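Residue-level listing of the chains:
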Amino acid sequence: MRSLVFLGLALLFFVSCEEQPVFIPDGGIDPEDTTSSVQKVVLLEELTGVSCPNCPAGTAALESILTVFEGKVVSTAIHGKFLAQPTSQNVYDFRNEDAEDLENFLAPFLGKPAAVIDRTEFEGQDFMTVDNIGLWQSLVSDRLAISPQVSIDMTTEYNDSNRQVSLTIDVTALEDMEGNIRLTVLVNESHIIDAQSDQNIIIPEYEHNHVLREVLTGVSGDIISTVGMTEGEVLSRSYSYTIPDQNGGEWIPGNMELVSFVTASQLNNEVLQAASSYIE
Amino acid sequence: MRDSLIGAANIPQYDRQLFGGQAWLDLGYSIQGFDLGLRFDMFNNSNLLNPSDSYTGEGIGRWHVAKTIDKFNIRIGHIYDQIGSGIIYRAFEERPLLIDNPLYGVRLIYNLNENWQLKGFSGRQKFLFSEYQPVVTGASIEGFLDLSSEEKLFTLAPGFGIVNRTLDDDTMDRVVDIISTYSQGDRVTPVHNTYSMSFFNTMIAGPFSWYMEAAYKTAEAYFDPTAVLTDINGVESFGKLVKRDGTVLYTSLSYAKSGLGITLEGKRTESFDFRVDPNLRLNRGLVNFIPPMNRQNTYRLLARYSPATQLLSERALQADVKYRWNKSLTTNVNFSYITDLDGKKLYQELYTEVYYKYKRLWTIKGGIQLLQYNQEIYEVKPDVPLVETFVPYVDFLYKINRKNSIRFELQYMNTGEDEKAGYGQDYGDWLFAQVEYAVAPHWSFVVSDMYNMSAGKQTAEENGEKKLLHFPRIDIYYTHKANRFSLSYIKQVEGIVCTGGICRLEPAFSGFNFSASSSF
Chain A
1 MRSLVFLGLA LLFFVSCEEQ PVFIPDGGID PEDTTSSVQK VVLLEELTGV
51 SCPNCPAGTA ALESILTVFE GKVVSTAIHG KFLAQPTSQN VYDFRNEDAE
101 DLENFLAPFL GKPAAVIDRT EFEGQDFMTV DNIGLWQSLV SDRLAISPQV
151 SIDMTTEYND SNRQVSLTID VTALEDMEGN IRLTVLVNES HIIDAQSDQN
201 IIIPEYEHNH VLREVLTGVS GDIISTVGMT EGEVLSRSYS YTIPDQNGGE
251 WIPGNMELVS FVTASQLNNE VLQAASSYIE
Chain B
1001 MRDSLIGAAN IPQYDRQLFG GQAWLDLGYS IQGFDLGLRF DMFNNSNLLN
1051 PSDSYTGEGI GRWHVAKTID KFNIRIGHIY DQIGSGIIYR AFEERPLLID
1101 NPLYGVRLIY NLNENWQLKG FSGRQKFLFS EYQPVVTGAS IEGFLDLSSE
1151 EKLFTLAPGF GIVNRTLDDD TMDRVVDIIS TYSQGDRVTP VHNTYSMSFF
1201 NTMIAGPFSW YMEAAYKTAE AYFDPTAVLT DINGVESFGK LVKRDGTVLY
1251 TSLSYAKSGL GITLEGKRTE SFDFRVDPNL RLNRGLVNFI PPMNRQNTYR
1301 LLARYSPATQ LLSERALQAD VKYRWNKSLT TNVNFSYITD LDGKKLYQEL
1351 YTEVYYKYKR LWTIKGGIQL LQYNQEIYEV KPDVPLVETF VPYVDFLYKI
1401 NRKNSIRFEL QYMNTGEDEK AGYGQDYGDW LFAQVEYAVA PHWSFVVSDM
1451 YNMSAGKQTA EENGEKKLLH FPRIDIYYTH KANRFSLSYI KQVEGIVCTG
1501 GICRLEPAFS GFNFSASSSF
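Heads up: the sequence lines are chains A and B, in that order.
According to the numbering used here, the first sequence is numbered sequentially starting from 1.
According to the numbering used here, the second sequence is numbered sequentially starting from 1001.
Bound-form chain A, shown alone (with noise of 0.2 angstroms):
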C-alpha cells in the first residue's frame, strides 16, 4: 500500500502543470541594419558531394537562404573528398585539388553536409562547421546583424575570344584593424545537370549550383596587408582567369560566378566581408 501512495505521489510530481506553449515567429526576418551604410553579405561555405544522401537536404536549405537573404548571402559548393567521388550515373567529376585542399582548410566536420558560415564558430558549436542544417539560415540572419568593417568592389571583364577573365577587387577599410588580412577569391559554376544521390536514391538530373571550381588565391587566403588597414584605406588586387574549354554542360562562361571575401587575424580570421559577381 506503502508502494502504491509513492507511486500515486510520484506521478502527481510528474505531470502536474501544464507547459505554456512555444511562440514560433516568422522565420526569415531581415535583420536591419542601423549602424552601417555598407551591407554585410555573409558567406556560407558547403561541404557537399555528389555521393553524399543528405546533401540534398543542405543544398535545399541553402536555396531557401539564398533565396530568403536575397543578395545578402554568398556561397560555394566544395565537392571536396569525403563523399564526393562520382556515382554511376554522374557525367562530370566535380573534385578538384582547390576543393580537397579547402575542405581539409575547413575541417574538422562530424558529416555531410556541413557549413561554414563567414568562418565564424559559433556558441553550441563544436566546430567551425555546422551539421545541423536547420541552424544555418538562423546563424546567417546573425550574422547579417553586424555591421562589415570592410566594403568589397568587384569589376570583371570577360574576353570572349580567349575565354578569359579580368578581376579586380577593391577592399575598403570601414574601421580600423590591425594584423594580417587576407583576401580570398573563388570560380563557382551554377547550373550543371548531373547525378546526385538523395537518401536511398540517385537523381539522375540534380541541377547542381555554385560548384567551387577553383581558389584563385590561396585557401587561406592572399595576404593584402600584414600591417592592418585605417579606415577609408582602399586595397586593391587584380587576378585573370581562363575558362577551361566547354565540355557538355560545364564550363559554360554564362553559369560562371568570382567569389571573393575578406578575413582579418585580429577578428579570428572570421569573414568580415564577402561579394560575387557573375562573369557575363
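It is possible that part of the hints are untrue.
[Unchecked claim] Going by beta-carbon spacing under 8 angstroms, a handful of chain B positions derived as facing chain A: (1) T1056; (2) E1058; (3) M1172; (4) T1181; (5) N1233; (6) N1279; (7) N1283; (8) K1381; (9) P1382; (10) K1399; (11) I1400; (12) E1417.
Just so you know, these hints were derived from the structure itself, not from any lab.
Note that the structure is predicted; figures quoted are calculated from it, not measured.
Beta carbons are placed, not taken as given, at the ideal position from N, Cα and C, and that holds for glycine.
Position chain B against the provided structure of chain A, taking the given hints into account.
Just chain B, lined up with the frame of chain A:
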C-alpha cells in the same frame, strides 16, 4: 602511419599529430560509510570523439560521494544508472565510442522493505568535461515477489519508471530558430517537457524466465531524417523536426533445462528518439538505450555487418537455441530478423555453431553465418542491393602443454553480386586468418590478416584499377597479475556510417597502438 590507399590520410593524426592517446584512472575509497569515487580522464590527439578529427582535453571525468543512512542511500556527483532494460533511461559508459553520459546531479534510493525499492534522481547529462543544459529527472519503483511453492519456483520482479526531460531556454531557442524557417505546413510546436515511462516485469516460473517492458514517450519535437520538408522555394528534401509520441514494446522469453537453452525475443519501436536536446545527432545526448536484437558477434568477419538499433521504426525478432549434447559437444543456432514498421527487411542473420572439446588437449568451434543487411537504411547508401553474405568460420585451439597453446582462426566471407556496379557488393569477398600463440600466464602473440580477395564496389582503387589489399594486424600482450599491456600494429579498413541525417566517416586506421590496463 599515413596510407592514402586505404584512406588513412587527411586527418590530423596522419598528417601532423603523429602521437596521441587516451587514459582513464578510476579511484574508489570507502571510509566511515561513505563511498567516494574519482576518475581522471585524458584525451590527447584522440579520434574517439570524432574519427576524422583530433580532440585533446583532460580533467575529472567522474566523481561521486555516496552514503547509506538507514533505508536511504544518497549519491551526488556523476551517476551511472538505468531503469528497467534502459528503454526510457540509461546512463552508461562505452569507451570505444566515447559514450560517457552519467547524470551529474543527485540520486536518492529508499528501500521500502527488503524487496521494494524507490528511486529518484535529477541532474544534467555529462558531455566530455561539461554538461548539457537540459535537466533530466526520473523516478522508479522496483520490487521482487517470491510466490514459489516447495514444488515450483515462481517469482515476479515488477517495476515502473518515469523520466522527465526539460529543455532550457537556450536549447529551446535553437529549436524554435529551426522551426521558424519551416513553411506553415511543416511547423510543429515544440515542448519544454517530455515524459517517458515504462512498466517492466521479470517472471520466473520453473525453467522459464519471461521479461517484458512497455514504454511510452509523450509527443515532442525530434529530428526525423525521413520526413519530407518543403522549403520556401517549394523544393522538397528529407529531414525535419516532427512532433509525435513514441512507444517501445520489448519481450524476452527464456527456457533452460537439462542442457537445453532457448531464448525468444521480440521488439517493436516507434518514434522513440529521446535525447537531452533534439538538435543532437548520432550517439550524442541519448537519454535512453534500446537494446539491439541481433547476436553480438565477436569474430572479425562475422561482426562486419551489424545493424544499428533503429530509434524511429523497427520490428525485430530473435531466437537462440543452445543444446549441450554431452561434456564435449555443444551446438548453438541463432536467428534474427529485423524489419521497419512498414515491413521493409533491414536485417536477417542465421548463425550456427558447433563446439567440440577433446579432453583437455584441443577444442574446435565452427559453423556458418548467413546474413542479409540493408545497407541503404543502415548506412544510407543509395542504389545498393541488400548485402548478402555467407561466412563459414573455424576456431581451433591446441594446448601444446600446460603453459603453451596455439589457436587458429579462419573465416571466409562470400559476398553477393552488385549487378549494377559490375562488382561484388560493398567490398566484395574477404578472407581472415589469425594465429595466436600463448605462453601462460604472461605472454600472448597474435598475427592476423584480413584480405580483400575479390573486388567489390567499394574496394580501393588506384589509377582506375581495383586494388585487392591486405589489412594485417600484429599484437603482443603481456599480463602480470592484474596488469595487462599490449602493443599492436594495426591496418584497418575504413567505413562510412550515415545516421540521423548526416554521414560520419569511420576512417581506416594504420599505425601502432599501445595499451595498458591495471587494477590495484
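Hint-by-hint comparison with the structure:
1. T1056: With a minimum Cβ separation of about 13 angstroms from chain A (threshold 8 angstroms), the hint on T1056(B) is violated.
2. E1058: violated (17 angstroms)
3. M1172: Hint holds; M1172(B) Cβ to chain A Cβ min 7 angstroms, cut 8 angstroms.
4. T1181: holds (4 angstroms)
5. N1233: This hint holds: N1233(B) lies near chain A, its Cβ roughly 6 angstroms from the closest one there, short of 8 angstroms.
6. N1279: Since the shortest Cβ distance to chain A is 5 angstroms, the answer is holds.
7. N1283: violated (11 angstroms)
8. K1381: Interface hint status for K1381(B): holds (7 angstroms vs cutoff 8 angstroms).
9. P1382: holds (4 angstroms)
10. K1399: violated (48 angstroms)
11. I1400: Cβ of I1400(B) sits 48 angstroms from chain A, so the hint is violated.
12. E1417: violated (15 angstroms)
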